[in-house]
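Asker: Using the sequences and the hints given, assemble the complete structure.
Chains as they are written, first to last, in my numbering: chain A, 1 to 101; chain B, 1 to 306; chain C, 1 to 267.
Treat the hints loosely; a few may be bogus.
Straight-line distance between alpha carbons at most 30 Å, and here's what the computed BS3-like set of lysine-lysine pairs gives [as the list claims (entries may be wrong)]:
(1) B:204 / C:36
(2) B:204 / B:251
(3) C:36 / B:251
(4) B:151 / A:47
Calculated from the model, a selection of chain B residues having no Cβ within reach of chain C, i.e. all distances over 12 Å [said to hold, decoys possible]:
(5) 17
(6) 70
(7) 90
(8) 170
(9) 218
(10) 232
(11) 233
(12) 275
(13) 288
Covered stretches of chain B, as calculated for chain A (at least 3 residues, CB under 8 Å) [as the list claims (entries may be wrong)]:
(14) 43 to 54
(15) 58 to 69
(16) 100 to 107
(17) 121 to 131
(18) 238 to 246
(19) 260 to 271
These are computed hints drawn from the structure, not numbers from a lab. For each residue, glycine too, the CB sits at the ideal point set by N, CA and C.
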Amino acid sequence: MSQKTLIGASALAGAVAMAISGATFLASTDSATAATEKCYGVAMAGKNDCAAGPGTTCAGTSKVDFQGNAWKSVEAGTCTTMSLEGGRMGSLEPLDRDLPA
Amino acid sequence: MMRSAPDPQTGGTARFPSLPLPPRAGAGLKPEHVDQILADTQRIGFLEVHAENYMGDGGAPHRALTAIRREFPLSVHGVGLSIGSESGIDHAHLERLARVVERYEPAMVSEHLAWSSHDAGYFNDLLPVPYNAETLARVVAHVGRIQDRLKRHILIENPSTYVAFEETTMSEADFIREIATRSGCGLLLDVNNVFVSATNHGWKPLQYLRRFPLELVEEIHLAGHAEDTDDEGDVLLIDAHDRPVADAVWKLYEIVISQTGALPTLIEWDNDVPDWPVLRREARLADAILDRLGPASLLGSRHAAE
Amino acid sequence: MPPSEPARRSAQSEFSAALINPDLPPPVGVSGPRGKGARKRFAVYRNTVTVTRIDALADIFPAVQRLVGADFFRGMARIYLAQEPPVSAVLFEYGQGLAAFLERFEPVSELPYLPDVSRLERAWLDAFHAADADPLAPAALGAVPAEDLGDLTFTPHPAARMVRSRTAAVSIFSASREQRPLETIRPLEPEDGLITRPAHEVQVRLLPPGAADFFKALMTGATLAEAATLALGRQPGFDLPAAISAMLEAGIFSACSLSPAKTEHPQ
Numbered sequence: 001m002s003q004k005t006l007i008g009a010s011a012l013a014g015a016v017a018m019a020i021s022g023a024t025f026l027a028s029t030d031s032a033t034a035a036t037e038k039c040y041g042v043a044m045a046g047k048n049d050c051a052a053g054p055g056t057t058c059a060g061t062s063k064v065d066f067q068g069n070a071w072k073s074v075e076a077g078t079c080t081t082m083s084l085e086g087g088r089m090g091s092l093e094p095l096d097r098d099l100p101a
Numbered sequence: 001m002m003r004s005a006p007d008p009q010t011g012g013t014a015r016f017p018s019l020p021l022p023p024r025a026g027a028g029l030k031p032e033h034v035d036q037i038l039a040d041t042q043r044i045g046f047l048e049v050h051a052e053n054y055m056g057d058g059g060a061p062h063r064a065l066t067a068i069r070r071e072f073p074l075s076v077h078g079v080g081l082s083i084g085s086e087s088g089i090d091h092a093h094l095e096r097l098a099r100v101v102e103r104y105e106p107a108m109v110s111e112h113l114a115w116s117s118h119d120a121g122y123f124n125d126l127l128p129v130p131y132n133a134e135t136l137a138r139v140v141a142h143v144g145r146i147q148d149r150l151k152r153h154i155l156i157e158n159p160s161t162y163v164a165f166e167e168t169t170m171s172e173a174d175f176i177r178e179i180a181t182r183s184g185c186g187l188l189l190d191v192n193n194v195f196v197s198a199t200n201h202g203w204k205p206l207q208y209l210r211r212f213p214l215e216l217v218e219e220i221h222l223a224g225h226a227e228d229t230d231d232e233g234d235v236l237l238i239d240a241h242d243r244p245v246a247d248a249v250w251k252l253y254e255i256v257i258s259q260t261g262a263l264p265t266l267i268e269w270d271n272d273v274p275d276w277p278v279l280r281r282e283a284r285l286a287d288a289i290l291d292r293l294g295p296a297s298l299l300g301s302r303h304a305a306e
Numbered sequence: 001m002p003p004s005e006p007a008r009r010s011a012q013s014e015f016s017a018a019l020i021n022p023d024l025p026p027p028v029g030v031s032g033p034r035g036k037g038a039r040k041r042f043a044v045y046r047n048t049v050t051v052t053r054i055d056a057l058a059d060i061f062p063a064v065q066r067l068v069g070a071d072f073f074r075g076m077a078r079i080y081l082a083q084e085p086p087v088s089a090v091l092f093e094y095g096q097g098l099a100a101f102l103e104r105f106e107p108v109s110e111l112p113y114l115p116d117v118s119r120l121e122r123a124w125l126d127a128f129h130a131a132d133a134d135p136l137a138p139a140a141l142g143a144v145p146a147e148d149l150g151d152l153t154f155t156p157h158p159a160a161r162m163v164r165s166r167t168a169a170v171s172i173f174s175a176s177r178e179q180r181p182l183e184t185i186r187p188l189e190p191e192d193g194l195i196t197r198p199a200h201e202v203q204v205r206l207l208p209p210g211a212a213d214f215f216k217a218l219m220t221g222a223t224l225a226e227a228a229t230l231a232l233g234r235q236p237g238f239d240l241p242a243a244i245s246a247m248l249e250a251g252i253f254s255a256c257s258l259s260p261a262k263t264e265h266p267q
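Answerer: As structure tokens, this is what we get:
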């Protein structure tokens, strides 16, 4: 890239000066840091543990959780509340096939 | 380079205080309890974490565990090393465990007599092994490799199991004794697992404990279990860690402590985790038993209070 | 090697196969005590494996789960995990391939934003566990002489991620995670999302037009002058001071330095 096509040094310097002069932004960043400094209770997603799951009558023993008509459960999702352009509603297709071999 | 000042938490020079596991009750650490644990005036004896949850590079989990480690004795309990695996110990996973151990300098490191990984991936379950010479040689070799890498002695925990193997030729207690004798590892006695497995296999828990090398036990686990039924309609207990410790397990624990003396005792509660005061109440029940029966034990306390 | 002799499957191979295929009987040699049946006993292991794997995905992808509903999600997760079982024993690393799976999973083809929502969720957790580093301090940038600014290059913060989407994945992601209504969102509006961890918490930002080009260029090693020129060329209304301000506030970078090539004054 040739030096001429680049943005000028003074324009860049002006932009950086404007960016870092935002006193309100600096203050808000500092206070956000302070507020979370003492708090450790952040939940962890996807934890490992050494407990056994539920007993003998759950998902592991049936071929598929849902077969054929089980997709009426789609109503439970929130995606149906958004309309896609062209008047189509976001929806899910029924699936009545087994787990792939 | 133009950088901000290094974060003191990650500076790498901060050493932790040397805090051995006391012969008191501890709790499995849950992130949602950390603030309360640090603020609690009734201090818990120690905390234990599952190593895998701290195998990330940084962030909130390490920040919380660093704060805990500065103030409490820590035990690191692995759940994913798959010591009973036919396909060997995963080198990368052992290295990640070593990194957690180097980072936190825990008082204790333990793993399970189980397998959880195979060609089909990681099962996230502690799967059983047959008790025979072939499995014994494999497990002893794996424990040796782990201890060599970590440059420390580890504890191996007795499992909860639901099925038996035709290939089994030894009792579980004898098998575990042999692992310890040959590898030099210590033992973690999960009293709930003893009760669950004994019920599921029709053993007598006290006979199991009589054969078990109690003199090699360095830590105890207690947890709640769920009830189901087997194909014949008989009771099948599940190691669910989702409720208080059962009365029968407390009774068994009293018998163990009356033999061994006071030992570090962990309350595990992994599913439907309660508020901290509920978990702490379980820990206090264990502390009361340790106070009452520990000093009068047959073997005497091998972990004298500081 | 003679092709006619199939290797004897190991005991744990048999056990593994039966664990994930409920049509198979419990493995040979596995029983209850005194010859009791093993079907329900073995089912304890089957359930733990399947349920905890699905639970891990549900934990990692709460917005996706809310969008499609828990029953659909769990069913879909079973198909996904049959195709792509976790390899690592570290569960929080699971689901790296979910976005690609959703792109080819027919039943969600009417939800074109779903793969990018899942990319944002996966990026969120990667940022959560990323190595610690302090974000570049505004004062450090302010201390650079004006004539050197154009030649500055930046070190990405370990937690910084970007997800560029042809859909409104960022708005859908945040509304879904915060349990806000989705009705007002136009799902096919393109959006760029920025994931960072400036202090102790992961933050997700919706980027203004042009900013993603600017940040992407800087994250891949362009100088400040090159990145600004690129962004201005693609988006004439690009607000450079606002982008630099956002870059510092969000903590996209942990350090800056003078690009070695530029300091040698090439002709």
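Asker: Is the hinted pair residue 151 (chain B) and residue 47 (chain A) satisfied, with a Cα-Cα distance of at most 30 Å?
Answerer: holds, 27 Å
Asker: Sort out whether residue 251 (chain B) lies within 30 Å of residue 204 (chain B), counting only the CA atoms.
Answerer: holds, 14 Å
Asker: With 12 Å as the threshold, tell me whether residue 218 (chain B) passes as away from chain C on beta-carbon distances.
Answerer: holds, 24 Å
Asker: Is it the case that residue 90 (chain B) keeps its Cβ farther than 12 Å from each residue Cβ in chain C?
Answerer: violated, 7 Å
Asker: With a Cβ-Cβ cutoff of 8 Å, does the segment 121 to 131 of chain B contain at least three residues near chain A?
Answerer: Per the Cβ count (3), the hint holds.
Asker: Given the hinted pair residue 36 (chain C) and residue 251 (chain B), is their Cα-Cα distance within 30 Å?
Answerer: Satisfied, since the Cα-Cα distance of roughly 28 Å is no more than 30 Å.
Asker: Taking the shortest Cβ-to-Cβ distance between residue 232 (chain B) and chain C, state whether it exceeds 12 Å.
Answerer: violated, 6 Å
Asker: With the threshold set at 30 Å, check whether the alpha-carbon distance from residue 204 (chain B) to residue 36 (chain C) stays at or below it.
Answerer: Between residue 204 (chain B) and residue 36 (chain C) the Cα gap is close to 18 Å, so the pair holds against 30 Å.
Asker: Take a quick look at residue 275 (chain B) and tell me if its Cβ sits farther than 12 Å from every Cβ on chain C, holds or violated.
Answerer: At roughly 20 Å from the nearest Cβ of chain C, residue 275 (chain B) sits farther out than 12 Å, so the non-interface label holds.
Asker: Are all beta-carbon distances from residue 70 (chain B) to chain C longer than 12 Å?
Answerer: holds, 16 Å
Asker: Please check whether the segment 260 to 271 of chain B has three or more residues whose CB lies within less than 8 Å of a CB on chain A.
Answerer: holds (count 3)
Asker: Within the assertion that chain A covers the segment 58 to 69 of chain B, do at least three residues meet a Cβ-to-Cβ distance smaller than 8 Å?
Answerer: holds (count 5)
The structure does not agree with the numbered hints 7, 10, 11 and 16 stated previously, though it agrees with the rest.
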